[in-house]
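Undergrad: Protein chains in written order, with this note's numbering: chain C, 1 to 264; chain E, 1001 to 1336.
A few of these clues could be false.
Unchecked claim - In silico lysine-lysine, DSBU-like type, Cα no more than 35 Å apart, as pairs: (1) Lys107/C with Lys185/C; (2) Lys1064/E with Lys1078/E; (3) Lys1220/E with Lys264/C; (4) Lys204/C with Lys1220/E; (5) Lys1031/E with Lys262/C.
Bear in mind the hints are in silico, worked out from the structure with no lab data behind them.
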Amino acid sequence: MNFISRYRRSKFFGPALLAAALFVLGTSYSVASATTFKAVTPSNDKTTLIAEGKEIFARGCSSCHGLNLEGGAIAPSLIGVGAASVDFQVGTGRMPMADMSVQAARKDPIYNEAETAALAAYVASLAPGPAAIRNEDLAWERSGDAAEGGQLFRSNCSMCHNFAGQGGALSQGKYAPSLMGVEAKHIYEALITGPQSMPVFSDKIITPAEKLSIIKWIKAAESEPNLGGASLGRTGPVTEGLLSWSLGIMALIGVAVWITAKAK
Amino acid sequence: MTSDNQSNEIAPLTDPGIPAHLHRKSDLDPKAAKKAERQVGILFIISALGTILFIYSYTFMSEKIFIFLPVLGNSNAKQLFLGLGMAISLFFIGMGAVHWAKTLMPDNEVVAQRHELRSEEVDREDFVKTVKEGAAAAGLGRRSIIKRTLGVALGLSGLTPLLLLRDLGPLPKDDFSKTSWEAGTRLVTDPGDRPIKPSDLEIGAVAQVLPELLAGKERKLEDIGKDAVLLIRIRPAEFQLDAERLSWTHEGIIAFSKICSHMGCAVALYEQTTKHLLCPCHQSTFDVTRAAKVIFGPSARPLPQLALALDAEGYLVAKQPFTEPVGPSFWERDSS
């Protein structure tokens, strides 16, 4: 360790050591938290699909939701939630939960599409509920009306999800997630099933056609370019004003110091 | 000061006078002065280039080019160069001027002594005499008609600004206490204006509703601001209401004014799991199962509940108007 003792008094040693320690910590954490799952390849046959789903459920879900979907102290009953609910919760990675925080966060899905379909088929086979939606069944690009969608969004969604779909805070650590980058079918499933804190938006209150318009508006908001580069969270003039005020005042202080310094 | 000097007396401060004038390099060395002149010139030329960049990006640059900048991410080139051009153009004019003043303009210290503010005694006496002579010549004391009519004219003209206060608007009358909800008004979706049947709402569903418009009427923003209502369906067993309030619900469907009783924001952040309604402005939290009782935040009273009933065709209607004014407190409101 001659090398370290030679350089340890250098002024760069401290920061370099810190960076190295953080790097080691970060990589070892990601290695430690990586998980592997047995790949399941269910066939299209419905009975085998349900059987596969039952097996996955018993292995991955039953410890909280119960062997017969009856729920428990820490998890709700899944009887009658339907395939749409399973497809949303598992397909967006919210279930299985990573930890027991107040709200399941969106993350990379743990089960692949085939496994999710099997789980959904199993849960739906025990009690009826809303069916899962396929992206190709949602003709939002053709049938949606972005202007109508915007009106619906402002009156029904924007109070929680922010007027630009960026998400926002609810009470006691809960939050409405950002809608950017969410698949169309997951938006639709969330509307009809009301996951977690979100209420249900029934088909008679917001018709299926109106739901497509909402999806079209969200996709339009998503593809809107940021002319100024950083979007600052698209939360409106407060963040923008705060940032330009802070940077501006620093620049003005600098200029004031320079003006009042006497020339040599 | 020596160590054997134990006295606490401090020698009085003497006026140090003005410090000696330090000459700048450019005052002494003509070469340095020439260099400073060139620097000022360069700063002005940079400003001119900035203006040219501004004109170029305004006139010729496409709006579709995006360039990547670290920290900022993808930014629109036209907007970026418009801003940069104008900033450079203005900033470097100022920078050149300041540099010019600091290095080349005269920097001699100038002493200007203060003088007394009070005028000379002679001038003061002169002024008093002029005023007195003028007043005597005008004869205000003798000509009483002029004195009185002037008084009337000045007094009346002073009233005009008071009269204009009337233009602050017609008095609100009972607009604060009344909404468009009447007994039998149908609840319709917002937007869409479709009437609602109880079967349209599942458990856990919400609907943003407004009163149905009479034929030929248009929806006004100032009406929506008072009429907006949130319809929520929960399991009837979860209600903890008194008999009267329970009779205002229908099979687990309950309706509240969406206008916060604190400052009038739209309260519609409904958490299905906790049955709490949250106001986004000041975090007032209302418990839906207990008739929107305030459980957190600055709001002083629950959200007004709208009594529900069914009409002959099975659509949801208001059983009666709101029994209290919706929205925030106002002076004449009976808050009991």
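Undergrad: Hints first: check each against the structure and report whether it holds.
TA: Here is what the structure says about each hint:
no. : hint                     : verdict
1   : Lys107/C with Lys185/C   : holds, 16 Å
2   : Lys1064/E with Lys1078/E : holds, 8 Å
3   : Lys1220/E with Lys264/C  : violated, 68 Å
4   : Lys204/C with Lys1220/E  : holds, 25 Å
5   : Lys1031/E with Lys262/C  : holds, 20 Å
Consistency with the previously given hints fails for number 3 only.
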